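Student: Sequence:
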Amino acid sequence: MLARQRQERILEEVRAHGGARVSDLVTALGVSEMTVRRDITILAGQGLVARVHGGATALSARAEEPGFTVKSALALPQKEAIARAAAELVAPGSSVAISAGTTTHAVASALVDVPGLTVVTNSLRVEQVLHEAWSAPDWPDSAPAGGAAGSWAGGAAGGSVVLTGGERTPSDALVGPVAVAAIRSLHVDTLLLGVHGVDLEAGLTTPNLVEGETNRALVASARHVVVVCDSSKWHVVGLASIAPLDAVDVLVTDDGLPHAAREVLASKVGRLVIAERDAATG
Numbered sequence: 072m073l074a075r076q077r078q079e080r081i082l083e084e085v086r087a088h089g090g091a092r093v094s095d096l097v098t099a100l101g102v103s104e105m106t107v108r109r110d111i112t113i114l115a116g117q118g119l120v121a122r123v124h125g126g127a128t129a130l131s132a133r134a135e136e137p138g139f140t141v142k143s144a145l146a147l148p149q150k151e152a153i154a155r156a157a158a159e160l161v162a163p164g165s166s167v168a169i170s171a172g173t174t175t176h177a178v179a180s181a182l183v184d185v186p187g188l189t190v191v192t193n194s195l196r197v198e199q200v201l202h203e204a205w206s207a208p209d210w211p212d213s214a215p216a217g218g219a220a221g222s223w224a225g226g227a228a229g230g231s232v233v234l235t236g237g238e239r240t241p242s243d244a245l246v247g248p249v250a251v252a253a254i255r256s257l258h259v260d261t262l263l264l265g266v267h268g269v270d271l272e273a274g275l276t277t278p279n280l281v282e283g284e285t286n287r288a289l290v291a292s293a294r295h296v297v298v299v300c301d302s303s304k305w306h307v308v309g310l311a312s313i314a315p316l317d318a319v320d321v322l323v324t325d326d327g328l329p330h331a332a333r334e335v336l337a338s339k340v341g342r343l344v345i346a347e348r349d350a351a352t353g
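Take 72 as the starting number for the sequence shown in our numbering and just add one per residue.
Everything labelled a hint here was simulated from the structure, so no lab data went into it.
One should not assume that every hint holds.
[Claimed, not checked] Cβ-Cβ distance ranges computed for the label pairs, FRET-style: (1) ASP270 - ARG86: 36 to 44 Å; (2) ASP317 - SER165: 19 to 27 Å; (3) GLU203 - SER256: 21 to 29 Å; (4) THR106 - LEU280: 45 to 53 Å.
Keep in mind the model is a prediction, meaning the values are calculated, not measured.
We treat Cβ as the ideally placed atom computed from N, Cα and C, and that holds for glycine.
Please work from the sequences and hints to get the whole structure.
Tutor: Here's what the structure looks like:
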């Protein structure tokens, strides 16, 4: 199949379904992952699709990421490995901020057995994971998702959670002035930050402007910044900047990151942690 024919097929999939995953396109086209990513890059350069981590979306989705359910199905083994490696960086009894996202959601699941944590989050999904694990009997049936911050404490690990409040995005993040004001009043030991893209020049980015503002506030609130992202996000650039690479104390990614990229990132961030996917499965 010629390159032009492949690109037409990719464009048809994106237009028909609003997006296409690299893994599905590899199977459908019978070519390598590198070939599919190159074709997506060409189509994005022509202004025909928007390149996102794990695939491509229609141009109408350029300004914001797909919803949580769509993203949660991507790179599951990688996210599990990253989550376990990131959890090892969190000390018992410390204060932790966790941003919204499917990778940070996996990290939250890995943190439930770490005792004495105080967690600040703008993610409804993260709050739900910790609430269910720590079994707070006095917390109401529905978590606050509006304009006021909320908190609860309890459970086997003795942790507590502060939910920032704010406006809800498709990725179940709470953002906007209320979230930013709440975050700016806090100081945490460690931030676990999920990102849309990591790039040598652009740094950490997101396609959502208000989510970018909220994430910048999270970075400013933390003594140590730990970025968690799977390897497909390398060289992906979103609309809004969050922070440069030199603001990252630790970057945790999976073993799919190319060796050349590892060398570059290791020279830019404080510490690069490569999580082996086999460690997550056995």
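Student: Does each hint fit the structure? Answer for all of them.
Tutor: Tested hints:
1. Checked against the given bound of 36 to 44 Å, the beta carbons of ASP270 and ARG86, roughly 27 Å apart, lie outside it.
2. In this structure the supplied range 19 to 27 Å holds for ASP317 paired with SER165, their Cβ-Cβ distance being about 23 Å.
3. A hinted range of 21 to 29 Å for the beta carbons of GLU203 and SER256 is consistent with their spacing of about 27 Å.
4. Roughly 33 Å separates the CB atoms of THR106 and LEU280, a value that falls outside the hinted 45 to 53 Å.
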